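Q: Here are the chains, one letter per residue:
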Amino acid sequence: MRGGVAAFPAREGGPAGRVAGFIAHLRANGMALGPGETRAALQALSQVSAGDSGEVRAALKALCCGTREEFARFDDLFAAYWFNRGRERARPAGAPKHQTTRRRARLEPLAPQAADAAGEAERPDAGKSREGEMDQQGEGRLIAARMRNLARVDLRELVTPEDIAEAERVAERLARAIRDRRSRRRRAAARGVRLDMRRIMRSAIATGGEPLRLHWRRRVERPAQLVAICDVSGSMSVYARVFLAFLRGLTGADARTDAYLFHTRLVRITDALRDRDTLRAVNRLSLLAQGFGGGTRIGGNLAAFNRAYAQRLVSGRSVVMILSDGYDSDPPELLAQELARLRKRGCRIVWLNPLKGWKDYAPVAAGMAAALPHLDLFAAANTLEALAALEPEFARL
Amino acid sequence: MEWQRLKEGLAGAKYVASDDLAMALHLAMKLERPLLLEGAAGVGKTRLAAALAELLGTRLIRLQCYEGLDAAQAIYEWNYQRQLLAIRAGAERGEAGPELEARIFSEEYLLARPLLESLREEVAPVLLIDELDRADEAFEAYLLEILSEFQVTVPELGTIRARARPHVILTSNATRDLSDALRRRCIYSFVDYPEREAEIAILRAHHPELELRLMGQIVAFVQALRREPLEKVPGVAEMLDFAAALGGLGVNDLSADPVAVQAALVTLLKTQADRASVPREVAERLAGKAA
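Read top to bottom, the protein sequences are chains A and B.
1 is the number of the first residue of the first sequence in my numbering; add one for each residue after it.
398 is the number of the first residue of the second sequence in my numbering; add one for each residue after it.
Treat the hints as calculated values from the structure; they're not laboratory data.
The structure presented is a predicted model; accordingly, all values stated were derived computationally and were not measured.
Honestly, I wouldn't trust all of these hints.
As the list claims (entries may be wrong) - With a Cα cut of at most 25 Å, we get these calculated SDA-like pairs of lysine to any residue:
id, chain 1, residue 1, chain 2, residue 2
1, B, 667, A, 373
2, B, 427, A, 46
3, B, 404, A, 54
So here's chain B without its partners, still in its complex pose (with noise of 0.2 Å):
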């Protein structure tokens, strides 16, 4: 039953995961493997590992992926300016080559990249990498082999080894598909929108201040729009928004007010498209089925 233990955990820290991706989660935590996470931008991928961390009282180091990211932004890099100034200081105390040499390159003149940083934790932190496949093939290959080994060699300084190992979560949007090999070592869940019980939870979690009729309303209005073809679908963090910009309105029936519905609309579309292919009618229909 311990994976229910966490479910309720992560509920605590506000998390609302479904029974599969609790599994999942588990799993990857007992198994010590990576938990690779897909599905579209806003069904709370990031805010899982945010939510993980929260309830094992651990840090929590995000490395952002982007094209073009290399080791030195990922692993570590020299700290140049102050080896370039210890050298000069060195010199003019008369200090000797190598002892010089051995100096600069210790683990004081190093800056830790996220990956580096997450082995060099006492406890196991939690370790995100966003975006995974955002990040070029050769990246993610290099990925791989510290996901395997959890340990990072600098020629200079030799191996540093995890000092505990950190819960890995991967999360990719599917922009393209990432490595066979990567995904055999994680363990894998699709992150769908939430169900609409699980997220009037998820609201009442943020917004208990809310009436339980209202919430329902939101629920079922946001996810009737997200039935419309739109280009850019509104997510469970724009529900939020949607929510909270509703209090603020202070409206308690979607359907009696559709000019504050209207303007609280800008926190779920957020193209012009959009707002658009959402025009007032539309709007009121949708509220109207809500209710």
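Next comes chain A alone, as it looks inside the complex (with noise of 0.2 Å):
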């Protein structure tokens, strides 16, 4: 190895050791790699000439890399190590150790700009009680402007504990609506479609080969998981509360119901919302929410989201669910790019936008139009009407 690779990092001895220190370096920058991969590396570099660090950059390339962005920034990481080239490590420090994100660098574009509109839109009021977070108007910076506007069909008015409640109702609803997807795959079933000769044949045999007796196959009912990310930001807050409940019924209806709320960053709410005691799932809901009502970043939360979440929670058999305006302070090309990474994952984008049934609403804002192409359902949710409608659309998925 000593021959092609020019300048080893001084704290490590010996070639295993300086591979189980690559490792390292290649973990700490966000790849899922444990102590297999070092053995399977040590075992790789046997098999090629250690001296030529090209074939050593190659070979461990194909063995360390799992994903195309992996395979795009591994030639970067390895020059850092072997030639101490760049930065060792690019954690940023508020990355979440535990989880197995496979993803590039995450938080690190969010972090100056969410402190930033953090420091104008968060009020230092977390112990409030949820009323005196609800009341409060957006002050992001794009909102000012449309605040006027909504202030004009104001929903707060609607939202008597009875309309909470019908929230709900809806929401679960909703929720079974989307739950049963078909599956293609067959399983054995008193009565189906298709026939299912490994069974028939099973009990043939008792009964002298004569198949008396039929077994059938159908297509099973594979659950929908559902999962709702809900915005909370200053331009959505007067609509916060219905969408809570909604949100809430929803989880109630599955376990598998996954929610998270945003505004300037990206909260997951799913146990809170699942909390039977609704006066301290307030409160937690309420601690979540710090900076309740402030500016929007929806491609960013979007790209958090996945980053952090998607992978492990959305699959083919997903719906996402997305409840905002679409007023983003994030460039509409980040929002674009994630919701289609997020597609990627096969699973279905619906957008739940209350501006939606406005009269003359048009998507003009630039983050709607960008997000368009990538739904498969945009709708209303203005009112509860509008969301109860949604059904049979729900049951199409």
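Combine the two chains into a complex, taking the hints into account.
A: This is how it looks when you write it as structure tokens:
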């Protein structure tokens, strides 16, 4: 190895130690590698001429990478470690350690702006009641102009306890409509559309080869998983309460449902919503939703969602529901790119936009326009009736 | 230097592999791990398996994945028709139940599907599991088990172990993400469209009769076309078809014969929208630049 690879990091001794150090370096940069890979890497190096850095690079690359993104950045990481070029570690301070996210550089681009926006929009009132949070009007950068418009249709008037209960009910119905999607696999069933030859043969032996009893196979209904991502930024705050009730209805209907809130950052609220104790749930929510009513970063939050959660929690059977008005302070390209990436996981994406119910609404907000091509369903969500009317649409998804 | 021999061997089978890809394949074979290939359609992922089988002189066994693919189509199934006939015939001869059952659940009545077939080969075959991203996740999980144990259990027969470990190549077009567990089992390589020189080498391997200058033009033209916003980006196979078409039309210079080039474009552009987005002027401009 010595011939081709110029400068080893001084602190490690022996080739095995250096390779282990390299694996640790990759791990620190977000690649999910374990001791198994270290061993395999040493094995792999015995198969190539270890003096040729090009060969070593190609061998370790084939072994350690698992995705296109990793494949693309491996060469830089390799150079950084073996030639002491560039930074060694790229893990941002806030990145969750326990998650095996394998996507690139997590929250770095988010951090400075997020702090910025929080400074503008956040109030030091984390302990305030939920009502206090709700009443707070948005002061996000892009939002001020919108708020005057929204004030004319003040949905807060509508939100009586009965309305909230109604929202939960509607949500449960919707969740049920989405849940049952058909699978193409077949399973044994008492009656069905296709003969189950295997079982027929088995029972035919008992009747002297005469297939007296027929068995069938049919398609199984496989549950769709619902993931709801709710915008609670300033421009959405008037709807937030109904939507939270709606999310609660969704999570209540099915244990697999997953829910998130976002404003300037993304928070997972599944556990809080599932809390049986309503008051405690509300308290937990208001803690989670610090900065509630601030500016919106849809693209950035979706990127965070893709990196941190989507890999584990979104599959081909998921329906991702985004509740937002589409006013985004991130560039629209980012939103489109992240939606496309999410879509690649095979899920369906539904966007419920409260503004869509307005007369003469056109999705002119740059973010909304960029998002449209990636959506399976774009629907109004300004009234409970509009939400309820979605049921047949959801059943079709 | 063994991986370079592999690369040369593949070149002998008319497959021009990049260094990264040759190394990945070399390691996959040495470490007896599956090789996972990702990349756009038409970059030669599937073709690599065929070239490897040719190089090793073994069988290529292919499993094409699709949604709803299950064990009966991927691993094995009993030959029910034959079993029924055997039961009938056995009953007429007065064959005893247990005897008959042992007979109809013997290997003779087993239909081996690709995965089982690959385990039963005497000489390690190349097992190509194509477009894995189209299969359900449940199947992926099952596949993982087979790929780590190289054995299949048939309840009526017992466990069938691989006689020789097949060389496994998995391909994916990344329409959905594969599971991390599967990725970790595999040696990975991302296959991109070939560089200019590599693509000329591919063209030369398949159409040695073409002039070198025309080859350069064809490759430059196709590579320029790939940068256009197309729905279906022409792959290497399309490039070869295009070259064959031009050869058949007797074209010696792309810029000299725009009509023939336009006619040959049918081999490169496969959708209505793509045809419309490359009108004659655009094609001429690209051909002019390529020349």
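Q: Now tell me if each hint is right for this structure.
A: Consistency of the hints with the structure:
1. Proximity of residue 667 of chain B to residue 373 of chain A is assessed by CA-CA distance (about 22 Å); at most 25 Å being required, the pair is judged to hold.
2. About 10 Å separates the Cα atoms of residue 427 of chain B and residue 46 of chain A, which keeps this hinted pair within 25 Å; it holds.
3. Taking the CA atoms of residue 404 of chain B and residue 54 of chain A, the gap is about 15 Å. The hint holds against a cut of 25 Å.
The earlier numbered hints are all upheld by this structure, with none contradicted.
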